[in-house]
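Q: So the protein sequences, as listed, match chains F and D. Each step along the first sequence adds one to the number in full-length UniProt numbering, with nothing skipped, and position 29 is 29. Each step along the second sequence adds one to the number in full-length UniProt numbering, with nothing skipped, and position 111 is 111.
No lab work stands behind these hints, which were simulated from the structure alone. What you are looking at is a predicted structure, and each value in this text was computed from that prediction instead of being measured. Where a beta carbon is used, it is the ideal one built from N, C-alpha and C, also for glycine.
To be clear about the criterion: a stretch of chain F counts as covered by chain D if any three or more of its residues have a C-beta under 8 Å from a C-beta of chain D, and this derived list gives those stretches: (1) 48–54; (2) 118–128; (3) 139–147.
Within a straight-line C-alpha distance of at most 20 Å, the following computed EDC-like cross-link-like pairs (lysine to aspartate or glutamate) qualify: (4) D:K53 to F:D150; (5) D:K40 to F:D150; (6) D:K73 to D:E259; (7) F:K117 to F:E184; (8) F:K116 to F:E187; (9) D:K263 to F:D150; (10) F:K123 to D:D15; (11) D:K160 to D:E69; (12) F:K28 to D:E105; (13) D:K103 to D:E195; (14) F:K117 to D:D15; (15) F:K137 to D:E259; (16) F:K280 to D:E105; (17) F:K116 to F:E184; (18) F:K28 to D:E195; (19) F:K116 to D:D15.
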Amino acid sequence: MSSSIQANMKAGLPSPKVRKKREWSIGKIISNFLLILSTLFFIFPFYWIITGAFKKQTVATAIPPEWFPLHPTLQNLSDLFKNPVWRWTFNSFLISFVEMIAVCLVASLAGYVLAKKVFPGRKLIFGMFVAAMALPKQVILVPLFTMLADFGWVNTYHGLILPAIGWPFGVFLMKQFSQTIPSEVMEASRIDGCSEIRMFSTIILPLLTPALGALAIFTFIGSWNDYFSQLIMTRSTSMMTLPLGIATLQGEFTTNYGVMMAGAALASVPMIAIFLLFQKAFTQGITMGAVKG
Amino acid sequence: METRVRKVNQHVLRDWLMSYLFLLPAFGFFLIFVAYPMLKGIYISFFNYSLRKFEFTGLDNYISLFHNETFLKSLWNTSLLVIITVPVVIVFSIFVAMNIYKKKEFARSFFRGVFYLPAVSSVVSITVVWGWIYHPNYGILNYITGLFGADPISWLGNTKTALLSIIAVLITTSVGQPIILYVASLGNIPTSYIEAAQIDRASSWQIFRKIIWPMLMPTNLYIIVITTINTFQCFALIQLLTSGGPFYSTTTVMYGVYEQAFKLGNFGMASAMGIVLAVVIGIISTIQFKYLGSDVEY
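Looking at chain F on its own, in the form it has when it is part of the complex (with noise of 0.2 Å):
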């Protein structure tokens, strides 16, 4: 190979490997300029959602289409707010928060404990909650709500929030991430006397810090988009969840799509808002909840 490099540089003729990055950035020209239009598809539906909110319904309707809104209206948010829109916001708010403060906590204790105690029945307990995580989760929802609906659950607060403390991928989370807490510090703080209940709540949940984040960050945001539930298990207008309410305003406004787009923004903007604000413990959780376990 070193002898052909050596001819081409002989015959003035341009080394392999400069034709090379020639080549490649034929390639990289046509593989960014796809990616850029994917790009743009992917930003498309987020743009159309937040002009739209500000267009009036002529507008709105109009072929062909206004790709800006010149005479911006305040009056789909308006009409939007004639629906209990903030209480829907509040109990979405209430509902993640609540669920969210309970997944860290009941997840944390447990994960901690499958990874660091050795203790008959552990290798059972993490089997069951790994076989439960590969079934689908929506094929217990109707059993779930014939359960829920013979406690009388159905439309409360506790209905919706209880049930999904159970799911264990928080537990399967905090287990992978527990061990790699070293060992040393436990004997350590043993030693110095520390009773177990102080010694997690001293040591080692701070060492827990970054995935009780990706885990708080994802359950909010879980619960928030939990259609399936939030649909089956609400009854009255007053117990809707934001995205919720906003899905059966569709049938109040169908074409009236200025009112609608102002209805999703606000359905997904708080998600999108705690999700750019937290990426970056976001990204490490998903790539935390992926290692090999």
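Go by the hints and put chain D onto chain F.
A: Chain D only, in chain F's frame:
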């Protein structure tokens, strides 16, 4: 000596007890809200169970399911959904990840964020805007295809295009997580491997096929399994965009479960459908693990 042994035992016992206490909340919630409903689902699938009735009918629900044309149609649609969506998601995600993983931190975050947007947004927002884009009279898609001389199409109202239109939206909501995972595992491939291959004048395709692809295998397996499971469970897009229509051309098993249980009140039948779905997903996941996971240590 004896007292020491007893002391150690006591210590171990206390440690066990502590561990069980720590596990109790998670395991309790799990038993009540996940494990018990799973068993109950199997149980009620053998019953004719509606608001008024609860009578044992054995395998009747299962037998009538496989004679039910709507259910068979929904199985077929679900399979189509998976067969088309999963490969497209994999190829597209690898394409994007390959193009962005070497970029600077800011650009990488930007692209990762853009492709994650649909996954993080409420499915309601997504369906509301796509319902508009696809609208036969007021939608921008028909305007754009019209510029190229195409006739307007009722994208969601036509049996030929409805399922594909839903798949397109489903793909946009499915690629976010795979891209993040691929970017992470591409970043873990030692650059020296690729440089060595370049010096040996390997083509880009050879480098991808012989070095990058094998090293992506564990990630591939994980992504294929989770994307398959998620696609099988596709529900909200269908309920909000087409309600399974027109003429059942977009109905899926998951949508059927919803319809049977919450529109028609046949909880027994709905549970049987859910169990068929779970069995199908279980079989496919096992095959994927066996076939793709043979040289992956999990």
